[in-house]
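**Q** Going line by line, the protein sequences match chains A and B.
Throughout the first sequence, residue numbering follows the numbering used here, covering 4 to 310 in sequence.
Throughout the second sequence, residue numbering follows the numbering used here, covering 243 to 727 in sequence.
FYI, nobody ran anything at the bench for these hints, they're computed from the structure.
A couple of the hints might just be wrong.
Covered stretches of chain A, going by a simulated chain B footprint (3 or more residues, C-beta under 8 Å) [said to hold, decoys possible]: (1) 94-105; (2) 211-222; (3) 246-254; (4) 259-273; (5) 284-292.
Which chain B residues stay away from chain A? Per the calculated CB distances, all over 12 Å, these [unchecked claim]: (6) Gly336; (7) Tyr396; (8) Asp412; (9) Arg710.
Using N, Cα and C, we set each Cβ at its ideal position, and we do this for glycine too.
Here are the chains, one letter per residue:
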Amino acid sequence: MRKSVQVPIPEWQQREETLWAILLLAPCLLGLLIFTYIPVFGSLGLSFSYWNLLGTPSWVGFENYVTVLQDPLFWKSMQSTVWFVTVSGVLEVVIALFLAMALNRAIKGQTLFRIAYFLPFITPMVSVSLVWGWLYDPAYGAFNWLLQAVHLIQEPIPWLYNVSTAPWAVVILRIWKDTGYNILIFLAGLQTIPLSLTEAALLDGASAYRRFLNITLPMLSPTLFFVGIMTLINGFQAFDSVYLLTQGGPAHSTELLVYWMFKNAFEFYKIGPASAIAYLLFIIILVLTLVQWQLRKRWVLYEDETA
Amino acid sequence: MFCNEKELIFAERCEAVKDNTGSIELTPLGSRKNNRFYLSGKDTFKKASDLFCIRHVIPQILGLLLISIALSGCHSTTQDTKKQQGMITFSTWGSQQEVDGLKLLLKRFEANNPDVHVRLMHIPENYFQKIHLLVAGGMAPDVMLVNSLNYPVYAHNGVFKDLRPFVKRDRLELNDFYPKALQAFQRPASQALGVLPRDLSNLVVYYNVDLFRKDSVSEPDADWTWPQMVQKAKALTHRGKFKASPQYGLSFFSKPPLYWLPFVWSAGGDLWNRDKGRLLLTQPASLQGLQFYSDLRNRFHVAPTRAESGDAVMSQLFLQQKLAMLVSGRWTVPVLREQAKFRWDVAPLPIGPSGQSRVGVDASGYAISAKTHHQNASWKLVKFLTSSASLRAMAQNGLIIPARESVAQTVFRPQPGRLPAHGFYFLDTLKEAVPTSVPTRWNEFSELLQLSLEPVWEGQKSPAQALREAKPALEKLLRQEQKNR
Numbered sequence: 004m005r006k007s008v009q010v011p012i013p014e015w016q017q018r019e020e021t022l023w024a025i026l027l028l029a030p031c032l033l034g035l036l037i038f039t040y041i042p043v044f045g046s047l048g049l050s051f052s053y054w055n056l057l058g059t060p061s062w063v064g065f066e067n068y069v070t071v072l073q074d075p076l077f078w079k080s081m082q083s084t085v086w087f088v089t090v091s092g093v094l095e096v097v098i099a100l101f102l103a104m105a106l107n108r109a110i111k112g113q114t115l116f117r118i119a120y121f122l123p124f125i126t127p128m129v130s131v132s133l134v135w136g137w138l139y140d141p142a143y144g145a146f147n148w149l150l151q152a153v154h155l156i157q158e159p160i161p162w163l164y165n166v167s168t169a170p171w172a173v174v175i176l177r178i179w180k181d182t183g184y185n186i187l188i189f190l191a192g193l194q195t196i197p198l199s200l201t202e203a204a205l206l207d208g209a210s211a212y213r214r215f216l217n218i219t220l221p222m223l224s225p226t227l228f229f230v231g232i233m234t235l236i237n238g239f240q241a242f243d244s245v246y247l248l249t250q251g252g253p254a255h256s257t258e259l260l261v262y263w264m265f266k267n268a269f270e271f272y273k274i275g276p277a278s279a280i281a282y283l284l285f286i287i288i289l290v291l292t293l294v295q296w297q298l299r300k301r302w303v304l305y306e307d308e309t310a
Numbered sequence: 243m244f245c246n247e248k249e250l251i252f253a254e255r256c257e258a259v260k261d262n263t264g265s266i267e268l269t270p271l272g273s274r275k276n277n278r279f280y281l282s283g284k285d286t287f288k289k290a291s292d293l294f295c296i297r298h299v300i301p302q303i304l305g306l307l308l309i310s311i312a313l314s315g316c317h318s319t320t321q322d323t324k325k326q327q328g329m330i331t332f333s334t335w336g337s338q339q340e341v342d343g344l345k346l347l348l349k350r351f352e353a354n355n356p357d358v359h360v361r362l363m364h365i366p367e368n369y370f371q372k373i374h375l376l377v378a379g380g381m382a383p384d385v386m387l388v389n390s391l392n393y394p395v396y397a398h399n400g401v402f403k404d405l406r407p408f409v410k411r412d413r414l415e416l417n418d419f420y421p422k423a424l425q426a427f428q429r430p431a432s433q434a435l436g437v438l439p440r441d442l443s444n445l446v447v448y449y450n451v452d453l454f455r456k457d458s459v460s461e462p463d464a465d466w467t468w469p470q471m472v473q474k475a476k477a478l479t480h481r482g483k484f485k486a487s488p489q490y491g492l493s494f495f496s497k498p499p500l501y502w503l504p505f506v507w508s509a510g511g512d513l514w515n516r517d518k519g520r521l522l523l524t525q526p527a528s529l530q531g532l533q534f535y536s537d538l539r540n541r542f543h544v545a546p547t548r549a550e551s552g553d554a555v556m557s558q559l560f561l562q563q564k565l566a567m568l569v570s571g572r573w574t575v576p577v578l579r580e581q582a583k584f585r586w587d588v589a590p591l592p593i594g595p596s597g598q599s600r601v602g603v604d605a606s607g608y609a610i611s612a613k614t615h616h617q618n619a620s621w622k623l624v625k626f627l628t629s630s631a632s633l634r635a636m637a638q639n640g641l642i643i644p645a646r647e648s649v650a651q652t653v654f655r656p657q658p659g660r661l662p663a664h665g666f667y668f669l670d671t672l673k674e675a676v677p678t679s680v681p682t683r684w685n686e687f688s689e690l691l692q693l694s695l696e697p698v699w700e701g702q703k704s705p706a707q708a709l710r711e712a713k714p715a716l717e718k719l720l721r722q723e724q725k726n727r
C-alpha cells in the first residue's frame, strides 16, 4: 500500500494555501454562521427570556426551563420520543444489517435491489408522507385493502387515528425511508472485511452463525457504531414525518420533541419555552453520544488492533 | 488493506478508494497524523496554486464585488424613484378563484389611484404563521387581511394602526357595518379600531334535499330542536355492511372549537365569562352541550367516526352525497354552487336546551401595519376594499357575508333558481350570534381544548372527566391572560 510522503512546503506557500482555503470556504462558512451559529447562540439567550416574536424579549431567568420541565405535555412528548427512537432505531439498524448482508452476496439483480432500497432515502419526505397518508387511510387505503384481501384483518385499521397504531405507522414509514441509507453504509463496511479472515474461518469449519458473530460483527463494529449514533440522532430530530402525517396526534401519541418544540415556537409563539426545549434536547443528545462514545471503547474493534 | 482509518465517515470513502486504486493514483484520504489531505499527484496541485496566486487575484475580486454592489445599489434607487409614491404590499389568504376576483378589484383600484402600486402577497396556507414571522422580522405587509380569532394577539402587541383618525378625517360612515363585525376588532380598553371589517362568518346546516326526500325525512326549519336533529340524522344514516357506500346523517369536526361551541352556547354554556377571568366550560350547561356533540357520534352514531371518514374532508363527503347534513360556514357556498349535482339548502343550527340556537360570529377585515411607510396609500386601499362596491363584488359568488348591512341585504335577497333557497338564514342567525370571546393566547387555548377533548370525541372519556383534568391548565392560561392586560 502506498503512503503519501510529506515534502516540506515553504512557509509563504503554506500561508497562501491557508488564504485560499479561507476564501473558498467563506461562502459556506458565512451561511453556517448566519443560519446556524448565530441562531444557536441566539436561542440560548432566548431560552432565558419571554418573547412572542412581536415585542422585545425580556429576561426571565430559568422560568422557561421550570415551566417546560413541569409541563406534563413535555414529558408525554419525551416519552413518545424515547419510545420512537428506541423502536425505530433498533429496527432500522437490525433490518438494514440483515438486508446489507443479503445484498452483499453475489445475487441476481444486485444493483437493482440496491437501487430499490436506496430510492426511498432520496425521495422527498413531503411526497412520501402524502402518499403514505393515503396508503394508511382506513376507508380506501392500500394497506387495509391488502390486509383485508388476505384475511389478516376483518375491520380496517385506522392506522393514523388510533393511539396505539399511529406511532407504529410513523415508525414503519421511517424504516422504509431510512433503511436504504443504512444499508449503503453497512455494505461499504462489509466490503472492507478481508476475505482472508472468512476463508480462514471456513477452513477451520466455522458455521455461518459463528462467522457472523466472531468475524463480521467485530469487523463491522466501527460502521455499526456510526450507524447507531446517526440513527439515534436522526430519531431524536425526527420532525417532517409527524408534521406531515399525524400533526402529533391522535392524543399527543406522535408528538415528538422537535415537533412539540416547533408547535411551541411557531403555533403558540412561545419562543422562550421552545428554545428551552431545544437546549434540553441538545443536552440529551450530547449525553447519549458521550455515553456511546465511551461504550465504543469496549465494543468497537478496529482492524489494526487485531494485528 | 486500505481501511485502517479510525474515522467513521470514511466507510464510504474506503470503498471508493478500493475500487479506484488500480487505475487512479490516490492514497487514502485523511491520514490521522496531520489531518491534511493530499493527492499523490502533488505537482499538479502546486501548479494550480501558482497559476491563481491569491495576491494577484484579491484586487480583482474586491473590484468585482464593489462593482456589483454599486450596480445593485443603482438598480434599486432607480426603481424607488419610479414607484416612490406608494408601492404597498397587501397580504391575503383564500382560494385561487378568490384571489383572481381580488386581482380584478386591485386593477380597478390602481386605475383610480395611479400613484399607488399594490403588490399582492397570497398566502394560501398557514397564513398567520407567515404573517407572524413577517411582523417579527419587521417586514409586515402594509395591508393585511386579519380575522377576529387572530386579531387580539397582534392588536395587543401594537402591530396594527388605529384606524379611527383616518375614519374621522374622511368622515367615513361606520353605521353601515354590522356592529358585531366592528366589535370583534375593537380593543376593550382603548376602543382603538384596528381593522375595517370585510365579512362576518357563522355556521349553518347545509343539507342535501335529494337525500332527505329519498329517505322521506322532512326538511329542517328555523324551529327545529336537538332531538329533531338526532331523529332526522338517524333516519338519514345507513351503515349497511354490504352496501356499496355508507351514508351518514351529520358531519363531525373534532379539531377546531368552532364546531362544538354552538352546542355549548345553545345549551346555555360558554368558554369563560365576559372578562375572561372565570372558566365556564366546566359548568353543567357547557358539559351538557359537549356531551350532546359527542353523543352525535358515539351514542346516536349519526356522524362518522375518524376511522369511517378517514382522510376525506367533510365537505367532500357532502359533495359525494355520503353525508346528508354538513355544518359549515358561508365559504362552502361557491363550491356547492359549482360542483353539487343535487339540490341543497341551508337551515340554522337546531335549538338547544336553553331554548335558543346560538352560533358564534367571527369576522375578518383589513388592517394597516403600524410600521408602514405608506399609511395614506394603505388607507386608500383599505377604504376601497371595504367599500360597498368592492364588498358586493366579493360577495357575488357567495363566498362571504359582507360586513356592510346594506350590501348583505341586496346580496341575500332571494332570487329564483339561486341556491340556497333559504340563504337569508345566514343573516337571521347573525341576530342571535355571539362574537367568540377571544383571548390573546387563543392558539394555546385552542390547542389545549383540542387535546383534552379528543378522548371525548373518540368516546373514551366524559366531558366532565376530560375537563376536570384540563381545568388547572386552562385556569392557568386565564390567569396569564389577566396578567397580560
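**Q** Now tell me if each hint is right for this structure.
**A** Hint check:
Under a criterion of three residues with beta carbons nearer than 8 Å to beta carbons of chain B, the stated coverage of the region 94-105 of chain A fails, only 0 such residues being counted. With 0 residues carrying a beta carbon less than 8 Å from a beta carbon of chain B, the region 211-222 of chain A misses the three-residue requirement, and the given coverage is violated. Check result for the region 246-254 of chain A against chain B: holds, 3 residues qualifying (beta carbon to beta carbon below 8 Å, three or more required). Look at the region 259-273 of chain A against chain B: 6 of its residues bring a Cβ nearer than 8 Å to a Cβ of that chain, three or more, so the hint holds.
Here's how the region 284-292 of chain A fares: 0 of its residues keep a CB closer than 8 Å to some CB of chain B, so the rule of at least three is not met and the hint is violated. No Cβ of chain A approaches the Cβ of Gly336 (chain B) within 12 Å, the least distance being about 21 Å, so the stated non-interface status holds. Not every Cβ of chain A is farther than 12 Å from the Cβ of Tyr396 (chain B); the closest lies at roughly 7 Å, contradicting the non-interface assignment. With 12 Å as the threshold on Cβ separation, the claim that Asp412 (chain B) sits away from chain A holds: the shortest Cβ distance comes to roughly 29 Å.
At roughly 14 Å from the closest C-beta of chain A, the C-beta of Arg710 (chain B) stays outside 12 Å, upholding its exclusion from the interface.
When held up to the earlier numbered hints, the structure conflicts with 1, 2, 5 and 7 and fits the remainder.
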